[in-house]
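*Asks:* Chains as they are written, first to last, in the numbering used here: chain A, 1 to 376; chain B, 1001 to 1179.
Just so you know, not all the hints are guaranteed correct.
Chain B regions said to be covered by chain A (calculated; three or more residues, Cβ under 8 Å) [said to hold, decoys possible]:
hint : segment
1    : 1022-1032
2    : 1057-1066
3    : 1076-1083
4    : 1158-1165
Derived from the structure by calculation, the hints contain no laboratory data. The model shown is predicted, which means the values in this text are computed figures rather than measured ones. Even glycine gets a Cβ: it sits at the ideal position worked out from N, Cα and C.
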Amino acid sequence: MANVRPTLEGIRAQFVPPPGGYERLAARRERRLQMRRLSAATVALALSAGLFVGLWSVMRTPVPPTPRPAGPVTVWVGGSPVDVAEGEGSVWLASMTDPSGRGEVVRINPTEGRIVARISLREVGHLVVGEGGVWIANLRHGTVTRIDPETDKVADVIDMPPLAYEVAEGDRGFLPEGIAVGFARVWVSTARGSVASIDPATGEVLEVAGDPRVILGGVTTGGGSSWAWNSLEPPEAGVWRISPESGGVERISVPATVLDAAAGSGGLYVLHPETGDVSLVRAVGPGQGSTEQVVPVGSVKERANAIAVLDPTVYVAAAGGNLYAIDEGSGASALLTRLPGEPTALVSAAGALWVAAADGTVTEIPLESRHESSPP
Amino acid sequence: MCVTIVPAGNVSEEALGGRALEAQEFESFFRANERRLYGTLCVVTGDPREAEELMQEAFLRVWERWDRVSVMNDPAAYLYRTAFNLFRSRLRRLIRAARRTVLPEPPTNTSDQIDDRVDLLAALRRLSTRQRAAVVLLDLMDLPSEEAGEILGVKAVTVRTLASQARRSLRTRMEERDG
Chain A
1 MANVRPTLEG IRAQFVPPPG GYERLAARRE RRLQMRRLSA ATVALALSAG
51 LFVGLWSVMR TPVPPTPRPA GPVTVWVGGS PVDVAEGEGS VWLASMTDPS
101 GRGEVVRINP TEGRIVARIS LREVGHLVVG EGGVWIANLR HGTVTRIDPE
151 TDKVADVIDM PPLAYEVAEG DRGFLPEGIA VGFARVWVST ARGSVASIDP
201 ATGEVLEVAG DPRVILGGVT TGGGSSWAWN SLEPPEAGVW RISPESGGVE
251 RISVPATVLD AAAGSGGLYV LHPETGDVSL VRAVGPGQGS TEQVVPVGSV
301 KERANAIAVL DPTVYVAAAG GNLYAIDEGS GASALLTRLP GEPTALVSAA
351 GALWVAAADG TVTEIPLESR HESSPP
Chain B
1001 MCVTIVPAGN VSEEALGGRA LEAQEFESFF RANERRLYGT LCVVTGDPRE
1051 AEELMQEAFL RVWERWDRVS VMNDPAAYLY RTAFNLFRSR LRRLIRAARR
1101 TVLPEPPTNT SDQIDDRVDL LAALRRLSTR QRAAVVLLDL MDLPSEEAGE
1151 ILGVKAVTVR TLASQARRSL RTRMEERDG
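Isolated chain B, as found in the complex (with noise of 0.2 Å):
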């Protein structure tokens, strides 16, 4: 076995060129995910700046993992399962959060599309947090029950009635549009 002595205090231009590069790794995968993490958390939290600190603290431990995550075939799907576990673990925040959901005001443009946004997002805010969770996990995220029942803390059997019942509310709300 050969073990390389670095003196404390003595860091090598490679060390330190392998942390630029690094950085600049994990700022590519932050500019790439950040987005679309932001837009996720705030559909299943209903409340914007809980989302922001969500989404900065899941980056923040990946950061903090990034050499074992970046080697991972999914980083992304690691993220993505760290801003979830926060989320779960967050519930003193998030029952405050599921009772003032403050997703954005419906836009003005009255094409069907919009139409069918504005009223799907009355819908959403009706949800509960969880039942929130579950549809965007199984339905936006593609992630399996057991998987998403993970994340939730619950048995997958729970999410997919959870997930049910939320799709429920929303094709009513639709068909009630329709009517």
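Only chain A is shown next, with the shape it has when bound in the complex (with noise of 0.2 Å):
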């Protein structure tokens, strides 16, 4: 077979796109277009507020700042949001400046809701904060990044070691892509199917868990364990429970394709991103059949990008910007607001759950808000 390109030309005629792609593309053009004259009534009512004040604060003396109005706030950052994350009394964003990765970690105050800090990375990616740092996964540069949250400047930058199987020939580079804090460790996993944690206090790293066949989506920890979930289509989908002391796994089987999860007290909460349902993987003892640990929660019924819990209700935001609430006791799942921009990120923190947009935003709805209304 001299000559591949007859071949590649059939393979390539076997693929048929979606139909209805070109009133697609009209409506995301609308969006966009939507969102770029937002963008500029804001910078403007900006300007003009900053020149109303001004002027007020010089005709006038000092008054008290004005409380904060209800209701959801958004804060434009710029970039590409990657990943949301609390702690240290802030919000914190990673945010894609560049095609290269590049970028930055925007620090907010949420109480005021305005941004205090920007700290350039030449890689942003998924970041957590605790364990004395926020930490943020360097998949291109196989590195984890610590910012010091009391300078915000980059305290270290610890070079993943290398897998203990290589996924190429030659190739074992450790890809850091989801990340987390607990049980006194950062837990980092690589789509490349491992997990390790790293010493906070001394940066050594140590591979817990490896599994050349599987592609790890994230890892997050709760509800007395480590998880990490995989991104492979049933029946291969699932999760793995890692115990912190012994760093033995669980495989436990999941219904769907997990595209996000986060743990509550009950265990972990998955989110199945086609048809937006979630399934609880109860923390039970090992021994127990896996059937058993999964049990179905609730469902958004459209497709879903992102997950946060605060027991006990779980949060869910679908790829169009709606944002929802499930009622793990019921079931029920009921609207919170509409989003301009597609969420990419989700958590929760002082009250208020923070979505990252792809837009460039991260928006602030306070969960005291009432419920807008039910999905069909």
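Take each chain as given, in its own frame, and dock them per the hints.
*Replies:* Structure, rendered in structure tokens:
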């Protein structure tokens, strides 16, 4: 077979795009134009407000600051937000500003809703806060960066050691993607099928579990365990429950592919993106049948991107911008609000949800706000 | 220099007609290129969802610059370059895609031509994302290695090496089949 071209062309011809592509494109363009108009209006409004406030302050004696209005507050940070986390009294957003992966970590004061620091990094990825640092997974560089929250400066860059196995000839690179803190360790996962933990005091890295056949989607901690979930289709779709003490791994199957997960006191809540279904993987002891460990929680009945848990409520951000609350007890879901941009990550902090969106914004949704309506 | 001032909020019928024409032109361009670009991106990424997302974003970016792109010698080349630039910048997601390739299941037809595709499909699954991209850019899209290297963000020699590795792997697979 000297020439592979005809066969490549044959394979290409087998793929037929889904119908309605142009209509989806037109809708996407309209949404983007609306966002731009909104951004321009916001900038103009901000400038006008700034001018007004300046004049006002010159003409009047200082008055106490006005309390923030109730309801969602959106902070525009720019770039393409990758992840959002909370800790050290702040909300932290990792946003990519360059296709090379370069970007910045933006620190936001959640009570004032304003940016208090911007830290430029050669690469940004998923991030987490705890154990004395803001930890960022650097996929391309194979490192984990620690920012010192006292100084808002990079304090360490930790090289991830090679994997215990080759993923291709001569390739053992640990490309960190998921990151979590808990049990006095920083937990890091790679899509290449491995989880490692870092001693935050020394930077020592220990590979905890690995399986080259598995593509891991991320890692989190909670409910007495460390958890990693894979990105595989059923019947391989599943999660690992990792014992923080022994490093022992329990493999649990789930009914559909997992995109995101969040731990609560009852176990791990996993989000199935295609249907918007949420399953709970119960933190029961080893030795029990895996089918008994996974129970359906509820569904938002639309494609979903991210999940967060604040017991007893599960929050799900749908790809179209709808944000839902699911009551774990009844399984009922309710629409909290609609966001203009496509949500990319979700975290709960200081009695509110913070939603990072692909349009370069992060929005605070106060949790005491009334649910807008119920989905069909 | 002649400057025409159009009052804000008062768009002329001529301008509206121009926009409609532009939208029609772009829609024709979309429909003419949609399937081929989608298929190419499916082969490269191995993930139809990823391919659809990349395709939509690439078309959107071309649409936003349509006044300039439409007068180019080869607007489709600009579209492909945009799509592959996006492909490169989405490395994070592609690393996942590279390891969960969901190229279509082999068809059940048993003709020689189909057999050939089935084997190549299996062989494509074994290539890395970069190898697949290199062989597609060089052998399917006929780009010079310098241009392919620019798109993939690597040197021309690296593209040639990647494509060569890919071809070798594909040929080995076919030779195994032929005994």
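*Asks:* Against the earlier hints, flag every one the structure doesn't satisfy and list their numbers going up.
*Replies:* 3, 4
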